[in-house]
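K.L.:
Take the sequence shown: its letter number 40 is residue 40 in the working numbering, and every next letter is one higher.
Keep in mind that the hints were calculated from the coordinates and are not lab data.
As the structure is a computational prediction, the values presented were derived from the model and not from experiment.
There may be inaccurate statements among the hints.
Cβ pair distances, simulated, as ranges [stated by the list, open to error]:
no., residue 1, residue 2, range
1, ARG68, ALA145, 20 to 26 angstroms
2, ALA84, ARG134, 21 to 27 angstroms
3, ARG91, GLU59, 38 to 44 angstroms
4, THR82, ASN48, 16 to 22 angstroms
5, SER19, ALA76, 39 to 45 angstroms
6, ALA138, SER19, 19 to 25 angstroms
7, ILE66, ASP87, 28 to 34 angstroms
8, ARG134, SER19, 39 to 45 angstroms
9, SER57, ASP142, 35 to 41 angstroms
10, ASP92, PRO37, 27 to 33 angstroms
11, PRO94, GLY51, 37 to 43 angstroms
12, ASP44, THR82, 23 to 29 angstroms
Each residue gets a CB set at the ideal place from its N, CA and C atoms; glycine is no exception.
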Amino acid sequence: MPDTPLTNRPKMHTGVPASLTAVEQWVLRAVAVADAPCGLWFLDQMANRAGTPPQPSIEGTVEELICRGFLVDTAAGLRLATIALRDSVLRDAPPSLRQGLRETAAEVLADAGRPAQAARQLLRAMPASSGSARTLVARLADHPAVSPSLAADLLLAAPAPEEAPSA
Numbered sequence: 001m002p003d004t005p006l007t008n009r010p011k012m013h014t015g016v017p018a019s020l021t022a023v024e025q026w027v028l029r030a031v032a033v034a035d036a037p038c039g040l041w042f043l044d045q046m047a048n049r050a051g052t053p054p055q056p057s058i059e060g061t062v063e064e065l066i067c068r069g070f071l072v073d074t075a076a077g078l079r080l081a082t083i084a085l086r087d088s089v090l091r092d093a094p095p096s097l098r099q100g101l102r103e104t105a106a107e108v109l110a111d112a113g114r115p116a117q118a119a120r121q122l123l124r125a126m127p128a129s130s131g132s133a134r135t136l137v138a139r140l141a142d143h144p145a146v147s148p149s150l151a152a153d154l155l156l157a158a159p160a161p162e163e164a165p166s167a
């Protein structure tokens, strides 16, 4: 039977195989924490905030993951191939790593001029967010693009300021 677009498609994965490289796992985790399909710019900014961009390049890794059926490139951006794969990726990531990725994603989205999306992302990381997230919470809660309801949820979920020690 000749190869057609329907028979030549990669197998869509529902679980995370142990054979993935650290960079491939990082890309899958970064896409999994995004609350919407994301672009390469998002992954590049996430890597830059992590300190050192992963090697090999993110673009090459993304292309490989698409070819192997882990990622799907849609008109809206990159997403994981299946919901089951997303759930598996998030389940396999340590909670502190998920939280850190979500906080970083919120910072990237806020800096990219997407305050409502950043607020939703940061809300997913709360209430366990770090104290440094308070500044971002205040910035997003005051932004006119963030609905009053979302701003209130964000402020209520934000970590409380640490009390000054008593003298």
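K.L.:
Would you mind marking each hint as holding or not holding in the structure?
P.N.:
Comparing the hints with the structure gives:
1. ARG68 to ALA145: 20 to 26 angstroms: For ALA145 against ARG68, whose Cβ atoms are near 37 angstroms apart, the range 20 to 26 angstroms is violated.
2. ALA84 to ARG134: 21 to 27 angstroms: violated, 35 angstroms
3. ARG91 to GLU59: 38 to 44 angstroms: At roughly 27 angstroms between Cβ atoms, GLU59 and ARG91 fall outside 38 to 44 angstroms, so the hint is violated.
4. THR82 to ASN48: 16 to 22 angstroms: The hint (16 to 22 angstroms, Cβ to Cβ) is violated, given that THR82 and ASN48 are roughly 29 angstroms apart.
5. SER19 to ALA76: 39 to 45 angstroms: violated, 29 angstroms
6. ALA138 to SER19: 19 to 25 angstroms: Since ALA138 and SER19 have Cβ atoms about 43 angstroms apart, the given range 19 to 25 angstroms is violated.
7. ILE66 to ASP87: 28 to 34 angstroms: With Cβ atoms ~20 angstroms apart, the hint is violated.
8. ARG134 to SER19: 39 to 45 angstroms: The hint (39 to 45 angstroms, Cβ to Cβ) holds, given that ARG134 and SER19 are roughly 40 angstroms apart.
9. SER57 to ASP142: 35 to 41 angstroms: holds, 37 angstroms
10. ASP92 to PRO37: 27 to 33 angstroms: For ASP92 and PRO37 the Cβ distance comes to about 21 angstroms; the hint is violated.
11. PRO94 to GLY51: 37 to 43 angstroms: Because 18 angstroms falls outside the window, the suggested range is violated.
12. ASP44 to THR82: 23 to 29 angstroms: holds, 25 angstroms
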